[in-house]
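Top line first, the protein sequences correspond to chains R and D. FYI, the numbering for the first sequence is 1 to 650, going by this note's numbering. FYI, the numbering for the second sequence is 1001 to 1272, going by this note's numbering.
If you are wondering where the hints come from, they were derived from the structure by calculation, not from laboratory data. Bear in mind that the values here come from a model prediction, so they are computed numbers and not experimental data. Warning: the hint list may mix true and false statements.
[To be verified] Simulated crosslink set (DSS-like; lysine-lysine; CA at most 30 Å straight-line):
hint, chain 1, residue 1, chain 2, residue 2
1, R, Lys113, R, Lys371
2, R, Lys574, R, Lys540
3, D, Lys1240, R, Lys371
4, D, Lys1240, R, Lys238
5, D, Lys1175, R, Lys371
[To be verified] Derived, one-sided and incomplete: chain D residues facing chain R with beta-carbon distance under 8 Å:
hint, residue
6, Ile1004
7, Gly1124
8, Ala1125
9, Thr1156
10, Trp1160
11, Pro1162
12, Ala1163
13, Gln1164
14, Ala1168
[To be verified] Label-pair ranges, simulated between beta-carbon atoms:
hint, chain 1, residue 1, chain 2, residue 2, range
15, R, Glu284, D, Arg1188, 44 to 54 Å
16, D, Ala1006, R, Leu437, 56 to 66 Å
17, R, Ala55, D, Ala1021, 30 to 40 Å
18, D, Pro1123, R, Ala55, 32 to 42 Å
Glycine is no exception: its CB is placed at the ideal position from the N, C-alpha and C atoms.
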Amino acid sequence: MRRARAATLGRRILLAAACAAMLACGGGHRETGQQLVVLGFDGMDWTYTQELIAAGRMPAFARLQREGTAAPLGTSVPPLSPIAWSNFTTGTDSGHHGIFDFLHRDPATYFPKSSLAEVEEGEPGPCFGKYRIPPTDEFETTRQGDPFWKPLEEDGVESWIFRMPIDFPPSGLATRELTGMGTPDLTGSLGEFSFFTSALFYDDVSSGGKVYPLDLWEDRAEGTLYGPENIFLCEPAKTETPLTIYFDPVEDVAKVVLGESETILAAGEWSDWVTVSFALHPLESVSASVRLYLRSVRPEVELYVSPLQIDPRNPATPISTPADFAALLAEETGGFYTQGMPEDTKAATEKLFSIDEYLVQARITAEEIEKQFGWALDHFEDGMLFYYFGNTDLVSHIMWGRTDPEHPLYDPAAAEKYAGVIPGLYERADELVAMALERLPEATLVVMSDHGFASWRRAMNLNSWLRDEGYLVLKDPSLAKDPGLFRNVDWSRSRAYGVGFNGLYVNQRGRERQGIVDPSAKDALLDEIGEKLLATVDPKTGGRAVTRVYPTARYFSHGRALAVGPDMIVGYAKGTRGSNDGALGELETEVFSDNTGQWTADHSMDHEAVPGILFTNRPLGRPAPTLTELAAVLVEEFGVEGFPAVTPGS
Amino acid sequence: MEAINAILRAAAGALLGALSALPEWAVMAVLAFVVTLIAMPIMKWTFNLALAERFKRQIYASLFEIRLFNDRLGATFLGLFNVLRFTGGYLGSWLLPILLMSIPMAPIFVFLHFHYSYEGVRPGASTVLTAEFAAARDGGKPAAAVSAPAGVRVDTPALWIPAQRQLAWRLAAEKPGDYELELAIDGRDYTKTLVVSDDAALRSPLRPRASLFRQMIYPAEPPLPADSPLAAITVEYAEKGSFLFVPAWGWILLLFTVPWFLLLKRPFGVEI
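Whenever a hint applies, use it, and build me the whole structure from the sequences.
In structure tokens, the structure reads:
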């Protein structure tokens, strides 16, 4: 387990000095005379890429296909980004690296918990008045196994790793490293926006952020922006900073004063990065950076404040290797989103953002990342550069299904309006590939994705299905609305349950707190459930809802991490996915429902239905048909042998 | 006052301009020499060495008393009290030299502050331009416009905040340079400097209406006319970080004055 203690000033200085000394000494790196550039486009779909290449809309990819190699890349089981990128990073599968889903569960409570990173809370010290010596909370990564850049660095090869998912806290093993998916915001969540409104009546959102009221005066509106919890207080409370919005009596323009920062915005404008300080005690504060979006001044004052980003110039916890690399990037290319998944899909799915507003915000994030990509290409000289782009995935989730005539949300007018969005994403990816080819003409270029994409039309609630099949028994079946988080489940009579998008767990005796299934009966039960799942038909489509099941003990390599994951992974048919409610242990009346949410597309299905892509500008040493086999092939380009390459299903 | 400020601006511009090719620490090393050179004669002529020596001897005596009579609580407390008293007396002997030194030093430090304490507005970044009226104003929103030279863009219409008596605009810096913004407010014209650069340069975050005190504090730009309805025009520059309320350049300057003092004290015959 890698750990990162909240960095103190002194420690950062020491780290910086150590890094400077390391760089001064050359860091033990050797000149390889090679440049291997790997571009990772999250969620780039093989079939769709081929269609656009055929239509002449992706000339750089077409060149790779013509002059190098092109093939679908086998994805992970299930095809979810944390798992897929962990497969790539470690060359192993979930049995070894221990990431099975976005959500795992605590067998002691049955409650879902994040699989991406954990916080180990320390013991607080004694109180002195209202203040105390704070606990030393530590972030821990849950991914096990060595990343592929470790053997490279051990062999003296420089590695630059930008935003590799599930690499928070930073491994500290690369020459330069910036953390990606899994990096929290300053509050420790995966990104919680704040939305302020002067409206008297408003709806709060269920997740992803919070709506706050503004007190309206003649020429201004006042509110409070809440920050992270103040760990120095004996009585825990959130830090806060005052927010005042002064608005013009005539024009739709306002001055937003946030703590000591102020900016002027016209209605509909986004601000640049604004630094906000939250006082912890009279001598110390913690700083965050935010972007503001003044949605309207009239009839109501509405202001969106992005999730509080860990300030790259003054990070509260390390987000890069060396520790000051994030600050260097900010100096060179400007402020940037540091949270792992910066596109605010929650604001879109909660309908706080219109689709147009979401696309603007997503474009802002993409431009920052592309600007840093330009910097990386200009400064990278030797060794391996990995660069991750998440925009392709997080825009596709919201937009892909809108042009699918079979999607429940399909609206011909909207489909026409947004017809260019997904092709635009792919064309932009093509431009980035062209940029890499032009700026580093001698480099070996590898363009890959972790999985493909599909329209998500139908949702299946696995827990409701288990209930209907008699595997999950409720305490009170007459409840009109299930309270969620399995609170109405009678564990003394339940044999199986689902957590996460694809995970199915047996209520196993000796493992789950109230387990009833004997370990010796588990395989038979899983076979029985698997057969029934494969025979399940969606009554609306008339097609199979599940096309593949993966009993984990038989499918995955037998690593030590198997125990933390589900007993079976459900491979939904293309177009179907596990429901959001079901993932969190909430049962619905019907097993199947139309997907009418703003999250219109997904990939968490049968892994063979959504392969990723692999393009290279010249043949690699040997083929890499799957994610787990790719990293070993890449490190072999530098003559480094022996990195794991697990064949899926073996 | 403006005549003095104009001379100081010219002198500071010439000196710091001549040193502009050097890194900041080297500039501070040079300036530390200048500061020490100014301080030395003042110290020599105004520092009462005999008085200071007497206080120092009394401090040593009190410390000796504490060590000698450490088994007697009353004597120990009296010794401690005397240490504090004579230390205060010793520091008091510095008062006159410091007061006299502050006369030439204050403008030096003020100009260094406006030269080195602010971060520049970088090309691509935004800043806020504010014109603040001296008194509450009747009659609704003033007629106001900003004209920016090429290289700077005015991004928003004028924002009028009656309660703060402020007009404000957001400006976007496009190209590096020293710019003069032209403001037309209620039929009168004003100007305000804006520096778009990341390099050390004389930056004036606030241009006040003419008054002795404010001109002493903000000498980096000529003041607004004394009869101006505006109290000040400001451009927001981010302040660089500081440690114990002293900016980095201040610590570097202080650090370099020590070796200069040790080198120069013998030629000047200064003892402390």
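*Of the numbered hints stated previously, which ones are contradicted by the structure, given in increasing order?*
1, 6, 17
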